[in-house]
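Heads up: take any position in the sequence shown, counting from 1, add 44, and you land on this note's numbering.
By construction, these hints were calculated from the structure, which means they are not laboratory data.
Ideal Cβ placement from N, Cα and C applies to all residues, glycine included.
Some hints here could point you the wrong way.
As the list claims (entries may be wrong) - Between beta-carbon pairs, the in silico distance windows are:
| # | residue 1 | residue 2 | range |
| --- | --- | --- | --- |
| 1 | Glu58 | Gln169 | 13 to 23 Å |
| 2 | Asp173 | Gly110 | 33 to 43 Å |
| 3 | Arg177 | Asp67 | 13 to 23 Å |
| 4 | Ala114 | Arg177 | 16 to 26 Å |
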Amino acid sequence: MTSFRQAVEARDAEAIEALLADDVVFISPVAFKPYPGKAITAAILRGVLRVFEDFHYVREIANENGRDHALLFETKVDGKAVTGCDFLTFDEHGKIVEFMVMVRPLSGAQALAAAMGAQFERIQQEATDQVLRETAGA
45 MTSFRQAVEA
55 RDAEAIEALL
65 ADDVVFISPV
75 AFKPYPGKAI
85 TAAILRGVLR
95 VFEDFHYVRE
105 IANENGRDHA
115 LLFETKVDGK
125 AVTGCDFLTF
135 DEHGKIVEFM
145 VMVRPLSGAQ
155 ALAAAMGAQF
165 ERIQQEATDQ
175 VLRETAGA
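Please construct the entire structure, taking both the sequences and the accompanying hints into account.
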């Protein structure tokens, strides 16, 4: 967990991506359906790094087996205060297999939805480009 938290707090997108399992599922606080796969999850998280302002974790909770974690955070999106929680599930190799985010209040969630919506074409293109690079390298 320490490596994930450090990567996020350092805004190190490559280090964050390295911690994602190939079959990771991202569950968004503002989208109905989950996003399966490393490429789209990494692209979404890069988008989040672009829209979050003054991001910091305020509390960390883990279960006894060390595979489930909750990281409470505070940030701003377009000047709106947001409090949220990253719920992470790790596999036996220390890779994130499920990444669920919840945020509050409603005004913060709406600001996040608008900011991420404005970036979604870029996010999809980044994910597509990554899949093409991986396919070409295989």
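Structure-based check of all given hints:
Taken as a hint, the range 13 to 23 Å holds for the pair Glu58 and Gln169, whose Cβ atoms sit roughly 18 Å apart. A hinted range of 33 to 43 Å holds for the C-beta pair Asp173 and Gly110, which are about 34 Å apart. Distance hint check: the CB atoms of Arg177 and Asp67 are about 18 Å apart, consistent with the given range 13 to 23 Å. Between Ala114 and Arg177 the beta carbons are some 33 Å apart, a value that contradicts the proposed interval 16 to 26 Å.
The structure does not agree with numbered hint 4 stated previously, though it agrees with all others.
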